[in-house]
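Asker: Residues per chain are reported as follows:
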Amino acid sequence: NAGVTQTPKFQVLKTGQSMTLQCAQDMNHEYMSWYRQDPGMGLRLIHYSVGAGITDQGEVPNGYNVSRSTTEDFPLRLLSAAPSQTSVYFCASSSSRTSGNEQYFGPGTRLTVT
Amino acid sequence: EDKVVQSPLSLVVHEGDTVTLNCSYEVTNFRSLLWYKQEKKAPTFLFMLTSSGIEKKSGRLSSILDKKELFSILNITATQTGDSAVYLCAVGNFGNEKLTFGTGTRLTIIP
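Quick note, the sequences are listed as chains A and B, same order.
Note that this note's numbering has the first sequence beginning at 1471, numbered continuously upward.
Note that this note's numbering has the second sequence beginning at 56, numbered continuously upward.
For the record, the hints were derived by calculation from the structure and aren't laboratory data.
Ideal placement from N, C-alpha and C gives every residue a C-beta, glycine not left out.
It cannot be assumed that every hint is accurate.
[Stated by the list, open to error] Below 30 Å or equal to it, Euclidean Cα-Cα: the simulated DSBU-like pairs (lysine-lysine) are: (1) B:K123 to A:K1484; (2) A:K1479 to B:K111; (3) B:K111 to B:K96.
[Stated by the list, open to error] Have a look at the derived ranges for each label pair, beta carbon to beta carbon: (4) A:T1582 to B:N77: 13 to 23 Å; (5) B:T163 to A:F1480: 19 to 29 Å; (6) A:A1522 to B:T136: 21 to 31 Å; (7) A:T1582 to B:S117: 30 to 40 Å; (8) A:T1477 to B:E70: 31 to 41 Å; (9) B:T73 to A:T1490: 37 to 47 Å; (10) B:E70 to A:S1550: 23 to 33 Å; (11) A:G1521 to B:T163: 32 to 42 Å.
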C-alpha cells in the first residue's frame, strides 16, 4: 500500500492564481481531511469528508474548495491564491472501523504564494 | 469547541535526560487522545489512548491519560538526538472522525 499520497511536493503561485492540491489514499478509508500547518499554529483543519459525495468545513475553510467524487481522492482547490495561504498542507485519512481517530498523513505540500 | 493545550512550547535538554510533555484538553464526548511525532515531514503516529487504554508504552516512550483531570503526558526516558522533533497532541470525539490538534512541543536534544 502507498498509504496517503500528495502532489505536488512544492508549489509557488502568484497572487490570484488558482491550483489544485491532489490527495489520494489506497486504504479504503472513509474519512479524509485537509490541514494547513503554520509556524506556532499547529495543524488546523480546512475541510473534511466522511465519504464520497459528503464534505464539510473545518476551522479555516475560507479560500478553499473540496470535492469527494471517489473514496480514494480528495483534492483541495485554491480559488484565488493569497499570500496568507502560504503554508504546508497535509492530507490525512482514517477509518471509522478502528477503535479511535487515528489518522494517517500524507507527506505534505509546501505552498508559497508571492 | 474542542480545545487542546500543550506545554511547554519548547524544551531543550541534554542527551540522556528524561522529559515530560504535557497535553490538556476540553472535548465534547471524548473518544481518544493521540500523540504524534513530527520531524521535518508529516506527523507520524506514536500512541492512542482511550477509555479502555489509558497507559501505553513503547521502548523509551510512554504515555498516560487522566480522563478525570483531562490531561495526558508523554514521557521520554534516556533521550537521544533522534528524539528531536515536534510532538503533537490531538483529541477526537464520538460522532465524527475529526481531530483537534494542539500547537505542539518542540523538543531539542543536545548531544
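Asker: Decide, hint by hint, whether the structure agrees.
Answerer: Status of each hint after checking the structure:
1. Pair hint B:K123 plus A:K1484 does not hold up; C-alpha atoms about 50 Å apart against a cutoff of 30 Å.
2. For a cut-off of 30 Å, the pair hint linking A:K1479 to B:K111 is broken: about 34 Å separates their Cα positions.
3. With a CA separation close to 24 Å, the supplied pair B:K111 and B:K96 stays within the 30 Å bound.
4. Roughly 34 Å separates the CB atoms of A:T1582 and B:N77, a value that falls outside the hinted 13 to 23 Å.
5. Checked against the hint of 19 to 29 Å, the C-beta distance between B:T163 and A:F1480 comes to roughly 26 Å, which is consistent with it.
6. Distance hint check for A:A1522 and B:T136: the Cβ-Cβ separation is about 44 Å, which falls outside the suggested range of 21 to 31 Å.
7. Range check, A:T1582 to B:S117: Cβ separation about 39 Å, and the 30 to 40 Å hint holds.
8. One distance hint, 31 to 41 Å for the beta-carbon pair A:T1477 and B:E70, holds here, with the actual separation near 38 Å.
9. Between B:T73 and A:T1490 the C-beta distance comes to about 46 Å, which sits within the given range of 37 to 47 Å.
10. The hinted window of 23 to 33 Å between B:E70 and A:S1550 is violated, with their beta carbons roughly 48 Å apart.
11. A hinted range of 32 to 42 Å for the beta carbons of A:G1521 and B:T163 is consistent with their spacing of about 41 Å.
Hint check: violations occur at hints 1, 2, 4, 6 and 10; the rest are consistent with the structure.
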